[in-house]
Amino acid sequence: MSLEYDKKDCFIVEGKLALPYTYFPGRLGSKFITTIRDKKIIMGVNCPKCKKVYVPPRQVCEKDFTDIRDNWVELQNTGEVVNFTVVRYDDRHLPRKAPFVLALIKLDGADSPFMHILEEIDISEVKAGMRVEAVFAKETTNTILDIDHFKPSKVAKISMSDRSGSAGSCDPGVGSVPHMKKQSGGRGDMYNKVIITAALTGAATMKNQNENVPYEPEEFANEAYKCYKAGAAMVHVHARESNGMATHDHARIKATHDAIKDKCPELIVNLSSAVGMGKTPEQRISQIVAIKPEMASLNTNTMNFSIIDRKTGKIFIDFVFENTFTMLQDFAKAMLENGVKPEIEIYDMGGLDNFMLIGKQGIFSAPYNLNFVWGVAGGQAFRADAFIALKNAMPENANFTTCGVGQDQFPAITQSCLLGGHMRVGLEDNIRVPSGEIAKGSYEQVEWAVRIAEALGRVPATPDEAREIMGLKKK
Amino acid sequence: MSHRKKNRNVGIIGIGQTRFSSHREDVNQPEMIHEAVSAALKDAGLAMKDIDCIVHGNMELFEMVHQPDCWHTLGTGAYGKESFRITTGGTVGATLSCAADNLVASGMYDIVMAIGFEKLQEGHTTGGITNMADPLWFRNLQTGALTGSKAYDMISEFGEERAKKASVMYRIIMDKHAVKNPMAHRAFGLEFEQLDDLVRTSPKLVGDLKLIEMCSQSDGACVVIFAEEKTAKKISKKPVWIRDHITVHREETFILFGYDEKHPVPMTHRFAAENLYKRNNIKEPLEYFDVFEMYDPASWWAVDWIRDFFQLKDDEHLKLVENKEIMIGGKMPINPSGGVIASNPIGATALVRIAEAALQIRGDAGDHQIPTEVKHALASGFGGTMWTVLTMLEKDLNW
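Protein sequences appear in the order of chains Z and R. Just add 63 to the spot in the first sequence (first one is 1) and you have my numbering. Just add 80 to the spot in the second sequence (first one is 1) and you have my numbering.
The reader is advised that the hints may include incorrect statements.
Now the stretches of chain Z that chain R is said to cover, found in silico as 3 or more residues with beta-carbon under 8 Å [stated by the list, open to error]:
no.: 1; region: 81–93
no.: 2; region: 116–124
From chain R, some residues computed to sit far from chain Z (all C-beta separations above 10 Å) [as the list claims (entries may be wrong)]:
no.: 3; residue: 83
no.: 4; residue: 106
no.: 5; residue: 128
no.: 6; residue: 149
no.: 7; residue: 159
no.: 8; residue: 182
no.: 9; residue: 190
no.: 10; residue: 216
no.: 11; residue: 219
no.: 12; residue: 284
Rather than coming from a laboratory, the hints here were simulated on the basis of the structure. In this text, a Cβ means the ideal position worked out from N, Cα and C, and glycines have one as well.
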């Protein structure tokens, strides 16, 4: 829309200013550049307190002003693309003719990524997570362009599948090997958005305990919709027969799944691969293969999974929840093949180790999404220090959420939110709200989770944001 | 001018400066700033976590860096903190102090750190300052910050010999002060015996403004930490109280249509001082204040402005200079630090005035400390198109 006005007699002053400058990069910046120029070595500095390796180097650690100027460390010329952009316009100040790729590259041995040009690759092939190596300039310019550019690295064994840093491009159908990561020292990343999941039913919570437990597909859909409106990004579902019994019937599960997706297409539906007591491995996994939800639970150890009177210790129902290594392997493969992202259920440290062990086969896709489960009769009760131990033991490229049975629910999810993880609530785990009253539905617990997030300054993720974080492909 | 009583008293509890010099090849901007930040934190006995908010300032574009506060966080400690950038030209250091004072007095923050810096060697000041000028009327004519008009005025009023001698006398006194200040950029060791020689031989810049009379370009940073009364008393043994400050703009630099007798040149400094004293009930500023840290970019200006700041008449200001009453030990010591003529890291310069005034009140100025007790100090800031910030500092909370 052009503005019509009288421009007669309006003179325009055309001008141009030169902006000359000199820059003193200081001793650190100077050494960084001259070492690249003279020795073709990229150097960083290491903070002895927080163990972070910064590149480019800096005098002080950003956290507490620890003086780190003398702690030089030599880095590898190889690294990983954390993220990238394609420059698609030409301008005099740009280092290359468009189109070219500018990538944030985290060098091996460094903790902070830095930007450089990525070449010798078709732009459409560039992916976050890919391995790259530095190519040094033949003629020096005493600038950061003494590294001429980065190119794809040949030695990339894990690179093709290990793509966590950038979600969108992750493929639940491509496997990778989980690697041990350096301990983060318990520093949670509170800036991440928090994914709230509502586990609507489970296999055992019945209407006689809380009348809002859904049985019918339509009830599931309505309850899921309310949870979504309250702030949930995902629902976890065990389908039920009309009489309330957990079912492995494909048609009923599909009807339940589809009813939720029809009512609320944005929501992520996460189906159970446990289904309920006494189901065979075939019954448990075939429904996942048939329905192919975006996500499904995947349990990591065989354990007691019983119903015990919490006050008296009296055994009501004794049950062994069978999850052999073979099942873990077969379920993981089936999910990988069918593009279903597993939510890896961790009931204790042993379960995490089981996942790491079987994960060596490369049958899980990064990022790995773990759920720490507390308070199952047969599993461990919630303890804050045990939670931190689990978090510290996670592999690289892993997200974590948590759920707790009964009174463990809210303490566990608060801890998770505090440590930068995600939260699962729902009537599967607990029929009450923190006040002790019977919950009006899973959605009321979602509302409580949102309050916890708000109190801790975190923002609930939308389903699409949750997909990005967890590496899901919308179906 | 409308003015209200402060909501809370505010004290200076920490001061840090770098040494001022023409080049700092060994550090980049955040690293240089960090030296002053560390010194101020050490002076206050605080850690970065104790600082609630940071105000950061310098001259616009003088380093040819856009939004310097955003990439200085590593040096300033503003990482994850509340932070403001302020840029008001030459006065920016004084405005930083005003802003910090207001932020604390308001109750918004208990401890605020003001950071002023300049690394002039990296930029191109004329390039930056030319941007300030109106593109049609002035941009093609602007010569940076130099002007010889004050020399012309003073020579017209007091005669050539007396005026020129007073200006160089002021300059020598400032150099004698700078020699005592280890932070000062330029300290030549000038002697009064050289006065006539300097008048004769110093190269002229514009009109009768000579090279020796003009301030330098300096690199450096200054940091001052402000705290509310209770915190200040708890943390600091010798908090220095900010009694009041005033900022005045009268926009008289660009007098397009010449001087007019009916509308004489308005005097921003005089106007600012008059209003500040009136509202603080100070009848005789020359008697009241024990020290004055003045923003003195050139000695001609400095001599003339003494008259305005102290509300003097006729040649009273010249006599103060001629009788060396502005020296350390004199009736009204001006710039024991050596002043702006000795060191001019512009974004820090006006904050250095406040920092040095506070050091005098604390008795911590070292070799350039005034020998008698300093209870009341005045600090000024000056900016390109003639605006003024005046700050009053006090030893005791008793006004």
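For each hint, the structure was consulted:
1. 81–93: Holds: 12 residues of the region 81–93 of chain Z have a Cβ under 8 Å from chain R.
2. 116–124: holds (count 3)
3. 83: Fine: 39 Å to the nearest Cβ keeps residue 83 of chain R off the interface.
4. 106: violated (5 Å)
5. 128: At about 6 Å from chain Z, residue 128 of chain R fails to clear the 10 Å cut-off, so the statement is violated.
6. 149: Given that every Cβ of chain Z is farther than 10 Å from that of residue 149 of chain R, nearest at about 15 Å, it holds.
7. 159: With a cut-off of 10 Å, residue 159 of chain R comes too close to chain Z, as the shortest Cβ separation is near 5 Å.
8. 182: holds (27 Å)
9. 190: holds (20 Å)
10. 216: violated (6 Å)
11. 219: violated (7 Å)
12. 284: Holds, because the least Cβ-Cβ distance between residue 284 of chain R and chain Z comes to about 26 Å, which exceeds 10 Å.
In the structure shown, a violation is registered for the earlier hints numbered 4, 5, 7, 10, 11, in ascending order.
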